[in-house]
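Counting with this note's numbering, you get residues 1 to 508 for the letters of the sequence shown.
Treat the hints as calculated values from the structure; they're not laboratory data.
Glycine included, C-beta positions come from ideal geometry on N, C-alpha and C.
Watch out, some of these pointers could steer you wrong.
Subject to a maximum C-alpha distance of 27 Å in a straight line, what follows is the list of computed DSS-like cross-link-like pairs (lysine-lysine) [unchecked claim]:
#, residue 1, residue 2
1, Lys290, Lys139
2, Lys242, Lys201
3, Lys36, Lys384
4, Lys139, Lys242
5, Lys212, Lys197
6, Lys160, Lys242
Per label pair, the in silico range of CB-to-CB distance [said to hold, decoys possible]:
#, residue 1, residue 2, range
7, Ser422, Ile497, 31 to 39 Å
8, Lys290, Ser208, 18 to 26 Å
9, Ser422, Lys139, 19 to 27 Å
10, Tyr92, Val468, 25 to 33 Å
11, Leu209, Tyr92, 17 to 25 Å
12, Tyr92, Asn423, 46 to 54 Å
13, Leu219, Ser422, 22 to 30 Å
14, Ala411, Ala439, 29 to 37 Å
15, Ile497, His453, 40 to 48 Å
16, His227, His453, 43 to 51 Å
17, Asp310, Ser67, 45 to 53 Å
18, Ser118, Glu169, 16 to 24 Å
19, Ser341, Thr229, 39 to 47 Å
20, Thr193, Asp129, 32 to 40 Å
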Amino acid sequence: MGVLKFKHIFFRSFVGSSGASQVVFAFLLIPCCLTKDFRAPPFIPDIPFLWAWNAPTEPCSKRFNVSIDLSLFSLIGNPQKDAIGQPVTLFYFDRLGLYPHIDKNGRNQHGGIPQLGSLQAHLAKVQTDIDHYMPKDDKGLAIIDWEEWRPVWARNWKPKDIYRNRSVELVQRQNPQLSLANATNLAKQQYETAGRKYMQKTLELVKSLRPKHLWGYYLFPDCYNHHYTKPQYNGSCFELEKRRNDELNWLWNESTALFPSIYLNTFLKSNPRAPLFVRNRVQEAIRVSKVPNVRSPLPIFIYTRPVFTDVSSQYLAQEDLVSTLGETISLGASGVIMWGSFNLSQSVDTCVKLHNYLATTLNPYLINITLASKICSQVFCQDKGICTRKIWDSNNYLHLNPLNFAIETSADGTFKIKGEPSNEDLKNFAEHFHCSCYANDDCQKEVVITDTHTINVCAAAGVCLNTVLNEKEDPLYSNLVLFISFLIILLIIIIIIAVFFVQTNSMA
Numbered sequence: 001m002g003v004l005k006f007k008h009i010f011f012r013s014f015v016g017s018s019g020a021s022q023v024v025f026a027f028l029l030i031p032c033c034l035t036k037d038f039r040a041p042p043f044i045p046d047i048p049f050l051w052a053w054n055a056p057t058e059p060c061s062k063r064f065n066v067s068i069d070l071s072l073f074s075l076i077g078n079p080q081k082d083a084i085g086q087p088v089t090l091f092y093f094d095r096l097g098l099y100p101h102i103d104k105n106g107r108n109q110h111g112g113i114p115q116l117g118s119l120q121a122h123l124a125k126v127q128t129d130i131d132h133y134m135p136k137d138d139k140g141l142a143i144i145d146w147e148e149w150r151p152v153w154a155r156n157w158k159p160k161d162i163y164r165n166r167s168v169e170l171v172q173r174q175n176p177q178l179s180l181a182n183a184t185n186l187a188k189q190q191y192e193t194a195g196r197k198y199m200q201k202t203l204e205l206v207k208s209l210r211p212k213h214l215w216g217y218y219l220f221p222d223c224y225n226h227h228y229t230k231p232q233y234n235g236s237c238f239e240l241e242k243r244r245n246d247e248l249n250w251l252w253n254e255s256t257a258l259f260p261s262i263y264l265n266t267f268l269k270s271n272p273r274a275p276l277f278v279r280n281r282v283q284e285a286i287r288v289s290k291v292p293n294v295r296s297p298l299p300i301f302i303y304t305r306p307v308f309t310d311v312s313s314q315y316l317a318q319e320d321l322v323s324t325l326g327e328t329i330s331l332g333a334s335g336v337i338m339w340g341s342f343n344l345s346q347s348v349d350t351c352v353k354l355h356n357y358l359a360t361t362l363n364p365y366l367i368n369i370t371l372a373s374k375i376c377s378q379v380f381c382q383d384k385g386i387c388t389r390k391i392w393d394s395n396n397y398l399h400l401n402p403l404n405f406a407i408e409t410s411a412d413g414t415f416k417i418k419g420e421p422s423n424e425d426l427k428n429f430a431e432h433f434h435c436s437c438y439a440n441d442d443c444q445k446e447v448v449i450t451d452t453h454t455i456n457v458c459a460a461a462g463v464c465l466n467t468v469l470n471e472k473e474d475p476l477y478s479n480l481v482l483f484i485s486f487l488i489i490l491l492i493i494i495i496i497i498a499v500f501f502v503q504t505n506s507m508a
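Kindly generate the complete structure, drawing on both the sequences and the hints.
Shown next as structure tokens:
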């Protein structure tokens, strides 16, 4: 049996306290949800943070006889184009409808620019594709991946500026008398109107066809904070890009979920800029999620990868997982979608590497942050909300204290949790996190930490923490014990006296 422990650096929020502060802490009341911040309720009941797997790993077990433990993932889907009936369905541009775009050779497909596409024909094909790829309306996530052009005109920079250029050319052909400036303004208006119709009408249709699914577009919203190689990088989104996201309020109002991305490349490997990059992207998604309704925000599912984008054979180390998954859960997203390509399962070697990565690195960390977040939410939010950072731009994480916990793995690959949280651990959560209540719910309550007696949380079936804290002796039980003890002593005295009298009488 092996014991998996994490480096102390991953538990920055656990700091020592003086004896004086501990004395005060025993009487501390923790106000949980006075901020009135809200998050979307769990998509699947009792799973406040959803782990979804969206990579083609079936070949590992079917072709190479290598098991892949995905038991911590509530939804498992195959992103390949021929996959049907998946809990996580990813629609590439050539898989849903007649998406107008310009191919790599510069040829127009389905009109090329959205102004020249047939929206009616597109929607008819969308219905056919939905019937084929999603034969049943089971609960799941559905993501449309349209990346060829962007609905905001200004964001079509190179090489996507071909959509702006051809839009201007179209206006000039139709209105040769217009100046270039006027033609450009008209082209922008026509392009954004047509692009909006394609995206908005597509969402309207698919939601009506498969209402049990959560629908949205991949990479929306985006923060465009990729300038991490520049000096003084702090990860923040440009105000200009936030305003451009505000121009897409029609899209946020039509979506039922958001699907931004936090992929890392090797420049950000073990780099202190990585959490800044991720943190600001997630925070922008949280801001956008409140556009439809501040008290009932959209759920946010963050796309990430177990490997680096520029070196697909190199897996994220534990520190990189903290920068991605740790940031995501501490900020209060609804879940993570772990995407991967066939590179993960193309041979015995790659499958073995994936198996080992899950067993030794990824799954233990998922267990760690899942249990930590559930402990915090159960104690301070009464499971009516989730713990999120009080200061979003901080380095505080929802982690188990490595001094009090160990994640053990047995020979058969199963995990067991050893340890329990201390009052000091709960105090650290309370100092750095507060409750974001579920939509339209009220989780306000003052919690006396020393009155917390039971914690029952699970990361997956059989991977649970069930513990009793701050046990107090029942006064009724104590009085009963004293009374019984008194009776026993009295009985012994009576017996001794009786024996004495019997012996005295016999001697007489």
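Return the numbers of the hints above that this structure violates; sort them in rising order. Numbers 4, 7, 9, 10, 13, 14, 17, 19, 20, in rising order.
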